[in-house]
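Here is what each chain is made of, one letter per residue.
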Amino acid sequence: EPEVTQTPSHQVTQMGQEVILRCVPISNHLYFYWYRQILGQKVEFLVSFYNNEISEKSEIFDDQFSVERPDGSNFTLKIRSTKLEDSAMYFCASSELGGRGTGELFFGEGSRLTVL
Amino acid sequence: GQSLEQPSEVTAVEGAIVQINCTYQTSGFYGLSWYQQHDGGAPTFLSYNALDGLEETGRFSSFLSRSDSYGYLLLQELQMKDSASYFCAVRGDNFNKFYFGSGTKLNVKP
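If you read the sequences in order, they're chains H and S.
Positions in the first sequence are counted from 1; adding 23 to them yields my numbering.
Positions in the second sequence are counted from 1; adding 210 to them yields my numbering.
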């Protein structure tokens, strides 16, 4: 069964360092998302991406964050200068139809980021 | 802004029925989804309601009342494997974005 894959599963970094989280969405999906979840809390929307550009972003997604689809398969989230409060599980998700139908999101297993 | 309210935790016994409520306040509304998340795992889609009424999928049903800004997830014949967190998610002012609630941790006891 097709699935969203994310790497790394866990990354530990020092405050102020840059981090890149990688995702391979399901191949025929057109809409891509990043969400994050601080331990024990809700899943928070960061950004959605369609047709090689950001379609929506939240107030969390400030200038330290960027997303890119560098080739036909990868979708990356870059955090430029990490802060302690960026420690969270980052989930990539993809959707086949986006706004049409149920908009079902298929989530990857997540990348746990720990900022020291 | 968007806000969703769910109970933080619910406990029930195996074989019972449990209802998890979700009330929402959003600037727009297109639909309500439910996701299940086991500890350490990814959220997985359970159901979606765009119109008022009940949607049934096996042991799980989901209900929506748009006039009351309210929905619920009903789990029947509870099994131990149903122990997980359940999130409601609203498709709000943007058709391509879902806002998640804080989640309800369901504990199923023997």
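Hints may contain errors.
Taking lysine to aspartate or glutamate pairs in the EDC-like style, the calculated list, with each CA pair at most 16 Å apart, reads [said to hold, decoys possible]:
#: 1; chain 1: H; residue 1: Lys-65; chain 2: S; residue 2: Asp-249
#: 2; chain 1: S; residue 1: Lys-319; chain 2: S; residue 2: Glu-219
#: 3; chain 1: H; residue 1: Lys-80; chain 2: S; residue 2: Asp-303
#: 4; chain 1: H; residue 1: Lys-65; chain 2: S; residue 2: Asp-303
Don't read these hints as lab results, they were simulated from the structure.
Bear in mind that the values here come from a model prediction, so they are computed numbers and not experimental data.
- Hint by hint, work out which the structure violates, then give me just those numbers in ascending order. 4
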